[in-house]
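Asker: Please take these sequences and the hints and turn them into a complete structure.
Number of protein chains: 2
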Amino acid sequence: MTKEQLFGQIQKKRSFLCVGLDSSLDKIPKHLLKYENPILEFNKQIIDATKDLCVAYKPNTAFYECYGKKGWETLIETWKYIPKDIFSIADAKRGDIGNTSAMYAETFFNEQSSEMSFDSVTVAPYMGSDSVMPFLTFKNKWVILLALTSNSGHADFQLQQIGEDKLFEKVLKTSQQWATDKQMMYVVGATRGAAFSDVRKLAPNHFLLVPGVGAQGGDLQEVCKYGLNSQCGLLINSSRGIIYAGQGEDFAEKAREEALKLQKEMEGILVGANLV
Amino acid sequence: MTKEQLFGQIQKKRSFLCVGLDSSLDKIPKHLLKYENPILEFNKQIIDATKDLCVAYKPNTAFYECYGKKGWETLIETWKYIPKDIFSIADAKRGDIGNTSAMYAETFFNEQSSEMSFDSVTVAPYMGSDSVMPFLTFKNKWVILLALTSNSGHADFQLQQIGEDKLFEKVLKTSQQWATDKQMMYVVGATRGAAFSDVRKLAPNHFLLVPGVGAQGGDLQEVCKYGLNSQCGLLINSSRGIIYAGQGEDFAEKAREEALKLQKEMEGILVGANLV
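In order, the protein sequences belong to chains C and E.
As numbered in the UniProt record's numbering, residues 1 to 276 make up the first sequence, in order.
As numbered in the UniProt record's numbering, residues 1 to 276 make up the second sequence, in order.
These are calculated hints, taken from the structure and not from any lab test.
Among the hints, erroneous ones may be present.
Stated by the list, open to error - Covered by chain C, according to a simulated footprint, are these stretches of chain E (three or more residues, beta-carbon under 8 Å):
id	region
1	96 to 102
2	246 to 256
Unchecked claim - Listed next, the in silico DSS-like pairs over lysine-lysine satisfying Cα-Cα at most 30 Å (straight line):
id	chain 1	residue 1	chain 2	residue 2
3	E	Lys225	C	Lys69
4	E	Lys51	C	Lys69
5	C	Lys44	E	Lys70
6	C	Lys30	E	Lys69
7	E	Lys70	E	Lys51
8	C	Lys70	E	Lys141
Model, not experiment: these values are computed from the prediction.
The C-beta atom is built at its ideal place from N, Cα and C for all residues, glycine as well.
Answerer: Written out as structure tokens, the structure is:
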């Protein structure tokens with residue numbers, strides 16, 4: 001998917017919501033456990049209930065890998081079920097030396113090899129340029145590079161000072177030598193809205209994938225105040241706040257209600273910014 | 001496996017060799033393609049031919065994931081085939097927020113969940129403490145944290161100066177607040193032997209996993225000169241140099257010959273240092 005197509009979807013749906021499919025056997029409604037593949041059934045019902053309200057789905061690979069072969073199959077079937085006009089994110093946080101990152105790129109981008117072809121994959125920057133470049137050789141596929149994450153441990157290294165910059169700022173600057181904003185996005189956590197002001201100085205035009213709204217305590221208005229740009233430039237992820245909104249037979253309706261609240265708030269923000 | 005057990009294996013086998021199982025369909029001998037699972041057959045023959053010469057096996061998960069469901073099954077079956085007195089490393093370079101890293105820990109350490117229980121997993125440090133801690137809750141399991149990698153991109157961030165330290169030195173220092181040398185090792189690339197002198201000042205007792213000997217140009221003697229400690233403290237990985245030594249029906253014998261060369265060199269080093 002191109003940047004223009006993504007912005008087109010945002011305008012059409014009046015939403016920049018990403019639904020995180022962090023689906024776990026011990027958290028999905030109990031009545032689903034009778035299905036042959038409870039997590040796949042859960043994901044399908046969540047997707048059916050929210051697909052007109054969001055522009056992206058983001059399964060986190062950890063939640064699938066932990067179930068071994070069956071989990072990997074569930075990830076593949078979930079990807080297949082995501083409508084192809086919705087931006088798909090493999091939240092995998094991969095990164096290795098060049099020839100190995102090339103195999104990870106095959107994993108997430110080459111359907112003939114792995115039966116999956118996500119629009120994007122999250123990548124960790126620690127190993128530098130050649131760990132990221134192999135993901136950039138696929139047309140209309142995206143790297144979403146970790147910059148400033150929403151967890152408490154982000155302070156250990158990401159906020160450390162390197163010359164004039166913090167490490168995450170160094171990542172934002174250096175990585176712009178590898179790709180443009182048409183192929184790279186950044187993960188920027190929502191737990192510090194004002195940080196978006198610093199990020200936008202360095203990456204005014206990039207899309208930012210923003211986890212941490214909801215369960216992790218981030219504030220949508222604050223993020224948009226500092227983070228919105230002329231093509232929206234934000235994908236706001238909510239996982240637990242949406243997918244686990246209900247535990248009964250009506251869990252998908254409850255998920256839809258939560259997604260709708262966020263979509264309505266986003267619509268107001270987009271209208272206010274003259275973006276729709 | 002405990003640190004003492006690992007050192008015991010090193011003394012018994014007079015080797016600190018790790019064989020990297022970076023097995024790829026386009027690089028294994030052509031005659032294996034007739035098997036139902038060529039990579040598994042390749043791995044089994046490599047393991048049979050080298051298991052008395054090495055103390056660790058390290059499949060890199062990228063080489064398995066890229067083949068989708070079948071690849072994941074091959075990873076599981078390969079883990080099962082590794083003798084349980086040999087240290088097993090899932091070279092996965094994972095790392096995510098706390099609740100997600102906990103799922104990755106289940107993936108690689110909890111056999112009941114995933115059918116695999118490696119002795120260790122490689123972890124990327126960028127997200128900090130809570131991205132690493134969940135891997136440390138498993139008894140006698142290890143985190144092998146990326147410190148200084150062997151690829152060209154390591155200069156982009158790992159060598160950046162933070163106060164008195166380079167980033168990789170900061171990683172070595174900070175992470176020692178999370179675990180001792182009985183549960184944590186570090187990845188330190190072999191392409192700069194003298195760098196081991198700096199690493200040993202900060203981590204004198206830790207085991208170091210050293211990729212980059214062989215195909216990536218590192219030098220065993222140089223690494224040992226600076227890196228050896230009183231319990232050996234080194235696991236030297238060779239992947240392509242061993243597993244792709246031959247392309248004929250005798251590929252496993254050729255792999256054994258290369259592994260034997262390294263084992264003999266290591267034996268000399270261990271004898272010279274009075275460690276056996």
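Asker: Next step is simple, just say for each hint if it's right about the structure.
Answerer: Verification of the hints:
no., hint, verdict
1, 96 to 102, "holds (count 5)"
2, 246 to 256, "violated (count 0)"
3, Lys225(E) <-> Lys69(C), "43 Å, violated"
4, Lys51(E) <-> Lys69(C), "26 Å, holds"
5, Lys44(C) <-> Lys70(E), "23 Å, holds"
6, Lys30(C) <-> Lys69(E), "27 Å, holds"
7, Lys70(E) <-> Lys51(E), "25 Å, holds"
8, Lys70(C) <-> Lys141(E), "24 Å, holds"
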